[in-house]
Amino acid sequence: MAVNAVPLVGVLALDWSLVALLAVYWVELGACLVGAAVKALFAEGKPTYDANGFSWLVFGALSEKRGRVGLPVLPLSIQVANLPAILMALAIGSVGWALFGAIGVGGVGETTGATLTDAESVSVGLGVLAVVVGRAVDVGRYLLGGTHASVPPQQPLQSALVSMAGTGSALLIGGGFVIAGAPPPFVLAFVLAVKLLADIVDVYRDRLEAYDERTSVELGLAPDVPEWERIESSRDGSDIVRPKPSAVVVGGVVRGLRSPLSVLLVAGLTLVGLLSTATTDGVAVELFGGAMVVAGVFTALGVFDRSFRYLAMEYRIASEETGDGKLVGYDRLLGPQWRLSRESRAEMERARTVTDRLFGTETLRVECDGRVYRLPHLPLDAAETSGRSAAAARGATTGA
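In terms of the numbering used here, the sequence shown opens at residue 171 and continues consecutively.
No wet-lab data here; the hints were simulated from the structure. Misleading hints may appear alongside valid ones.
[Unchecked claim] Distance ranges between label pairs, derived from CB positions:
| no. | residue 1 | residue 2 | range |
| --- | --- | --- | --- |
| 1 | 363 | 427 | 29 to 39 Å |
| 2 | 427 | 370 | 25 to 35 Å |
| 3 | 505 | 462 | 36 to 46 Å |
| 4 | 449 | 537 | 42 to 52 Å |
| 5 | 519 | 416 | 15 to 25 Å |
| 6 | 246 | 549 | 33 to 43 Å |
| 7 | 373 | 442 | 28 to 38 Å |
| 8 | 505 | 360 | 50 to 60 Å |
Quick reminder that beta carbons are idealized off the backbone N, C-alpha and C, glycines included.
From just these sequences and the hints, can you work out the full model?
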């Protein structure tokens, strides 16, 4: 709340103009978004979104991975599954931040023709510094206090977006009033009132959420935080199957080029290029070149997507005696990912994609608990024509 008082002090004690106030609020928006992204990056709670709904290139690969990447020096780690939510929030927040700045700051400055004096520039700079430092202190308190160990990544992101909506509405409405010809003193008072109200709501919402979490009183404000399922796995006494690396890479090329957005952009650019070539004397090199660049970008994204999903994976089929025949999908970099029972493995289906036929491999799949598990591009000696693995013929089946 102390950080939120900085602009108020600037107006009352330092005689800031409306443009100065809006500029500080705009910087505060950006600092709020960046601080929330840092909080979400190190949050250790399980993401609350459904990973099965993320089928986009790269986003889907990141959202389905469990596991953490430790930092070399700091006692912190980054949870891979947090990245899609962070990237989405940054994309949405950045668009809003640019819009709020264009209308709330740029529009007001152009309409009023006001500029900052030297003294005002210094005080506004100090105000901006205070806002940024305040947000940094808030992030530090969040990490040092251990709050990050019990919250999902969406919680700080949602809080930041709600806060941005409140401050952004003050910028947009205030800028609209100025452009419409309202007197600056009235707009200044209005912006301060709206921002103060948004800050009060934001602070007390956080306190009510904390109270809801600490007590048995159900206010409906505390988020329902899911937990990661504990998965134990060992190489000892297990049959291990791995996908064929070259098939995984080629499958990524196919995945990238078959992306709906890739098909739309490449086909559109190619069609316009052909029409331009047919109706003019020259060849539309720029359009054809653009289509090739788009295809190359999506090819790279597809290769990354499939490589990140499957290249480091191995499928461990426990023996009936020691592990009840369970199958564990294990990432050699990030650890165990999922587990299937013997009964679920028995329902696996065999499929052969174009890539499978090219490399002499096959893919096994099964749907369990609303999620589809795939073991792509397995060697032929790891599966029978029925879709069950060679290990399954001895009492264990593989699936992904």
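Distance restraint evaluation - residue 427, residue 370, Cβ atoms, bounds 25 to 35 Å: This hint is violated: roughly 52 Å between Cβ atoms.
With respect to the beta-carbon atoms only, verify the hint that residue 373 and residue 442 lie 28 to 38 Å apart. 53 Å, violated
Falls inside 50 to 60 Å, the C-beta gap from residue 505 to residue 360? 53 Å, holds
Residue 519 versus residue 416 beta-carbon gap, inside 15 to 25 Å or not: 24 Å, holds
Hint check for residue 462 and residue 505 - Cβ pair distance inside 36 to 46 Å: 39 Å, holds
In this structure, is the beta-carbon distance linking residue 363 and residue 427 contained in 29 to 39 Å? 54 Å, violated
Residue 246 versus residue 549 beta-carbon gap, inside 33 to 43 Å or not: 40 Å, holds
Do the Cβ positions of residue 449 and residue 537 conform to the proposed distance bound of 42 to 52 Å? Given about 50 Å between the Cβ atoms, the range holds.
Against the hints set out earlier in the document, violations occur for numbers 1, 2, 7.
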